Structures are given as C-alpha cells and as structure tokens.
Amino acid sequence: MAETLDLSIYVKRQDDGTAHLDLAIEGIDCAACIDEIEGGLCQLPGVVEARLNYTNHRLAVEWRDGELSPAAVVEELQRLGYKAHPFQARLVEEEETRRAKWLLKCLAVAGFASMNIMLLAVSVWSGNVTDITPEIRDFFHWLAALIALPAVAYAGQPFFQSAMGALRNGRTNMDVPIVVGILLALGMSVVETVNSAEHTYFDSVVMLLFFLLCGRYLDQAMRRKTRAVAGNLASYRAEVAHKIEPNGEVVLVPTAALKAGDRVLVRPGERVAVDGVIISGSSEIDESLVTGETAHRAVRAESQVYAGSMNYNGTLTLHVTAAGKGTLLDEVERLLGNAAAAKSRYVQLADRVARVYAPIVHTAAALTAIAWIVSGASVHDALITAISVLIITCPCALALAVPVVQVVASGALFRAGVFLNAGDAFERLAKVDTIVFDKTGTLTLPTMSVVNAGDLEPALLQAASRLALSSHHPLAAAVAKIAQDRRPYEDVVEEPGRGVRAIVNGIEMRLGSPAFCGAEDLAKEAVSLDPTASAIALLWGDKRACLLVRQALRPDAVEVVTGLQRRGFDCRILSGDRPEAVAPIAAALGIKMWRGGCKPAEKIEALEALKVEGRKVLMVGDGLNDAPALAAAHVSLSPISAADLTQAQADAVFLGDRLEPVQKTIEISRRAHSLMQQNLGIALVYNVIAVPLAFFGYVTPLVAALAMSGSSSLVTLNALRARGRSPVLALAEHATSAEPVLAPQGA
Amino acid sequence: MEILIYLVPMALLLGLTGLAAFMWSLKNGQYDDVQGAAVRVLSDDDIHK
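In the order they appear, the protein sequences are chains A and B. Quick note: to get my numbering, add 494 to the position in the first sequence (first position is 1). Quick note: to get my numbering, add 1302 to the position in the second sequence (first position is 1).
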C-alpha cells in the first residue's frame, strides 16, 4: 500500500500509558480465527493484549502508547487475511447493552426468588392436604414474604417504570394491569399471612415476574444482536478521504476525522466522502446514490456536492461544510421533521388491546366484589375473591403474546438478511397493500455493471476486463468486475479522459471512449438501442467491441416484482431520475404506474395521495432524497447501501444484491401478525375460562400458578411457529460476507 | 420439625450464593462473548511444548 490510513482518532489513550483500539473484523468464520488473530497480534512489538469477541466479531487491541501505530495493527491483520475496520460504539448500542445487563440482573433476582418461594409453596400445598401445623405454615408464609417483597421491589422495576411513564402521560399500556395485579396480589398475601390464612400468592407473583422478564430479555437480546451486526456493517462501509493538511501535505484519513472547514482532495474515480463546496477544479459527478438522477452533473468552483457522489473526470478540492448544510439536505431535514411527527400517531396492537383490557378487567373485579357482598358474603371474602379475579387476569400471556412473536420473527428476518429498526414494524408490514419503489439503487444495483456481456465474444470480454483493472475510471471499474484473471497487464498507459492502452503479445489493445478506440459507429448503434447506458469501446488489433455500462436491475428484480403483483400488491415506481431512464425499467418489470423526476416533496405528496385513498404503503428506497418519503410511508425498507440518514429512517434494512428480502419481509411479517392475533386469542380464551372460576371463588394459589404458567407456555410455543416451516439454509453470517463492500478509495 | 432450623437457612444461603455467583459472573463480563467461550475451550494455547 502506497498510502497508510491515519487512524489516530479512533485510538483511546488510557491512564496507564496504553492505547486502545476497537476494530470490527471481516472474514471470521471459524474458531481457529481466534488464535490466529490474537496470537498474530501479540507477536507485534508493544502489543499488551488482543482480545477477539467471537460473538460480535470485534477485536480490542491494547499496546504501549508510542511503540506501535494503529495502521500497523490493521496491516498485520490484512497480512493474516482479515479486513479490519475501526469501530466506534454508537451511543444507542451502549445504552442497549446497559439495559440488557440490568434486565438480566432483574431476571436473576426473580429466578432466585421464584425457586426459593416455590420450595416453600409446594411444602405448604402438600402440607395443606396432609398434616402441616398452622405454626409451620405461618412460618413458611412469612419466609416467602421476606423473599418476595425485596425481590419484587428490585425485579419489578422495568414494569413499574414503564407503567408510571404511561400513566404520567395519561395513557395505559399492558404494564399498568400487570403492576396493579402484582401489587394487589402481594398486598393481599401479606394481609393473609398476618391473618394466618391458608393461601398466599407469593409464588404466583414472583413466577409471573420471572416469565415476563424472560420475554423482555429475549426481545432486548434479539434487538441488540441485530444492532451489533448493523454496527459492524456500518463500520465496514466507513469511508476514507484525502485530507489536505495546512502545510499542503495530503494524508488519508477516515471521514469521521474530518471537521467542517477542512480541505479535501477528490481524484477522478473516487467517491466524494463528505458534503462540501468546491474550492477549485471542475468535473462531472454522478449523484445517482443521492438524488436518483443517473445523468451526470457538471460541477465547478462554488458548486455544492454531497457525500456519496462519484467524481468522474477532474480532480476537485473541497471545503468541508458542517453536516446538514446545503440546499438538498436542508429540504430533506425539514420534510423529515414533518413526516416523522405524522407517523408517531400509530398505536401498537398490544397497546390497543391494553386500552380495552385494563378497564374491562378492573370493572369485572369490582362487579365480583359487589356481587359477593350482595349475596351475603363477608367484606373480607368478597375482597379476596375480587383480588383473585385481578390476579388471575394479570395479563401474563397477553403481555407475552406480541413480544415473543416479535423475537422469533425478527430472528427469522435476521437469517433472511433483513435487520429490523422498529419493533412494531411487523404489524405495519402485515397490512401493506401497495409497494412504492425508488428506482436507482433500489430496483437497480447501486454499482454499475456491463449489461451486454452476453452479446460479446468471451475472449474479447475477458481481455477488456483485464485491461480495465489498470484504469481508475468509474466505468472501467464495472468492466473490471467481470475479470476472471485478476492480474493486470504490464506497462499499461492511462490517458486521462480517453482510456487505457497496452501492448500485449505485440498487439496494441485499447479500452476507453469510442473515439479513442475508433469505434464511434459501433457505439452509436449500441447506444441507440439503450439510450441510458454509457458506451466503452475496446480495440484489440483489428477487432473492435462496444460494452454498454449502466446500473443494471437487481438480479431477481423482475421475478420478485411480478411475484408481488401476482399476489395482489400494487407496485409503483417513484424516481428522482429522468422519465426516459425510468420508462425502460418500469416496462421490464411490468409496472404501469410510475413517475420520474420526483423531488423529495413530490414523493411525499404522491404517498399522501395514496394514503387518502386508504392504502397502506410500503416504501422501498435508498437515496438521500428518499429519506422523507420513507419516514412518511406507512412502513419502509431500504438496502444496506443506502445513505446513513436514509437507513436511519427505514423500519428495516436489507442486505445483499437481491430484491428477494422485500418479499421475504412481507411474508414473515404476515405470518408474525397472524400469530400475534392467534396468541391474543389464546390469552383471551384463557381469560374467558379463568374469570368465571375466579368469580365463583374456585381459584386457589395452586390453580393460579398452573393456569398462568400454562397459558404463558402455550403462547410462547405458538410463537415459535413464526420461524417458518422451511429449514433456513442461508445463515446470517453468509449474507454478511456476501455483501459487496464499497471499494475503499486510494487503497 | 426442629430440623427446619438448619434446613431453611441453609436453603436460603445456597440460593443466595447462587445468585451472588451469577451477579459476579455478569459483572466479570462472562456473558459478553458467549459463542467465543464455547470455542475457546478447544484451543490448546496453554500447552507449552
């Protein structure tokens, strides 16, 4: 490598004189990698510790400060055969890790308490039917209270906090009836213990808490796993830029190290890594990943350019502007604000059920008390029965019904290469009837490829692709991708703006603009058939060929879109690109409703119009210009190659070159949604049976314990069906490694 | 039933010991890399020839 990357901003200096660097490692596939990486790094002089986390593929390296440069660590890993990317833990991820630990602690406390209390409760149950003395029974009840009260005070916190939060905002959620049930059961049990009664409910309360915490923890763990992989992928994509130091020296730095006001050099064939204003130089840039427009834009001094644009022919010097400045970004930010506010009105299924459930249950309990008093029972007995109604209806199964399905279904999505950002996306995805696609980067691949490869002579194609390996032009990169022989020819001369040439076995070979290769007639003919493609010509002795390069459709786009249409989804295209470029794509996919040349605001308008018709829209898009539309749609998806801002708006992000995950996502979501409804049904049936029993006073603690754990287990087992019938072959790890990584510049 | 005087505290103590051990292992970071721990046991880097 001619240039070394300056990673010093990622290095954390510690008080004891060591430096610490976190890296996300690509290419770990077996246990032997651990030894290879840790052993290899420990051989470097100065390295104190290298520890690989095999679960999330992250490496922590520590060395004595000053003895080693961070780039040397990355180079050593490269030599060992692994790609390493500096990694900065995001705030959200750290927050989730803290919360997961806290939930695990609560779970452990609840587990400890429920086991010990069960030990006492079983003794009392069996004693009640044999020969337990009242003294010993009281002693056991007091012991159970001693364990249960502190345990619930500690392990119940997640529910208390959530219920308080909801009540403070004047709403109810599922945690409100849970907390009411828990507190009443505890209170009644304490009173009954004081009165030396036969029954207490300490065991049911703590076991209920344990079940609910299991559900919460699993939900959290799944989300954390998804975030960790997404975090790694984000750091794989982290781009680098050539920064111009004040003394004029050019250094290669990660974009995270750039500040507003820095100057950056962008060479032809490189992607612009930051937003900025051009100070000097002029060029043509391809902004298709930003705006969807595939025609190139000419830029010169004072022009604004956005991160993600591809620089074609001239060298540019940029002045980095602060994030969020610039006309397009301003508009996108403003639209995003409006759209996100509109979306937060959606109420989750579980909360909708909770709103109805809580009042009904509390009324039922009140009716029970009244009915018993009216029929002549003592106030004490009436209260006990009313409280047992509340305990038995404490919505354990109901609270598990939705989250457990979410855990299992997001696991299934994860294996299909889809990462969920929003937990409630399943419910919204299941209702979708209209799918709106963006064109560039969504229906088409984000990178260029040769579209007429099949029409060319294989030998010519291979020669062209091998020659293209020596060129820096972005179009040549598309040709170079198909090279089977990855060794470039020797003595290749690149003529900027024209092409590359070399003498191979005494015959001249040229690849470049049609004029450079004397193939204008061929190119004119080829382009007339496919007006949106760019032509590259090849001259090899007296043989000539013309290669057409453009963003090709995703390999399975036709199949997926026609499949979706056959199943009754209304598929449409809203693109920021010119109508002439959208028309052939729409024709190939058989989509009748399409629009080109849409500005971000027009995309939102179109979505609003669909919403007014009562449609539930799934928006699939990737460009910066799509971000507001993604936020405005009922639910949204974006490919992993999308702009960061766009990905943050999408409800889910999918990996890889194929469009199939879109179809998979809808299928899994529909199955998950129907399972959620089934689960809610099971919980309801349980209540229909349990409430009359409690009403007539048949519910003893033993019955309560059996009924509650029985219904919870049933709901959980039913949720496991969300995994799907077919065995999943593709592991998530495969999907990750198959992900094409944007070529780092200057490497 | 005098045996309860020994048995009950013993049961509680055992339970609390288990809980304390779990809390210690959690704090010690033993759940940070669950898959790694499973495969590290197979490596023989502690054998010095």
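Bear in mind the hints are in silico, worked out from the structure with no lab data behind them. Given the structure is predicted, the values throughout are model-derived calculations rather than measurements. Where hints are given, some of them may not hold.
[As the list claims (entries may be wrong)] Straight-line distance between alpha carbons at most 30 Å, and here's what the computed DSSO-like set of lysine-lysine pairs gives:
id	chain 1	residue 1	chain 2	residue 2
1	A	K595	A	K753
2	A	K599	B	K1329
3	B	K1329	A	K506
4	A	K1018	A	K975
5	B	K1329	A	K719
6	B	K1329	A	K595
[Unchecked claim] Pulled a few chain B residues facing chain A out of the computed Cβ check, cut under 10 Å:
id	residue
7	M1303
8	L1306
9	L1318
10	G1320
11	M1325
12	L1328
13	K1329
14	Y1333
15	D1334
16	Q1337
17	G1338
18	A1339
19	A1340
20	R1342
21	L1344
The C-beta atom is built at its ideal place from N, Cα and C for all residues, glycine as well.
Handout entry: Violated hints, by number in ascending order, as checked against the structure
Key = Of the numbered hints, just 1 does not hold.
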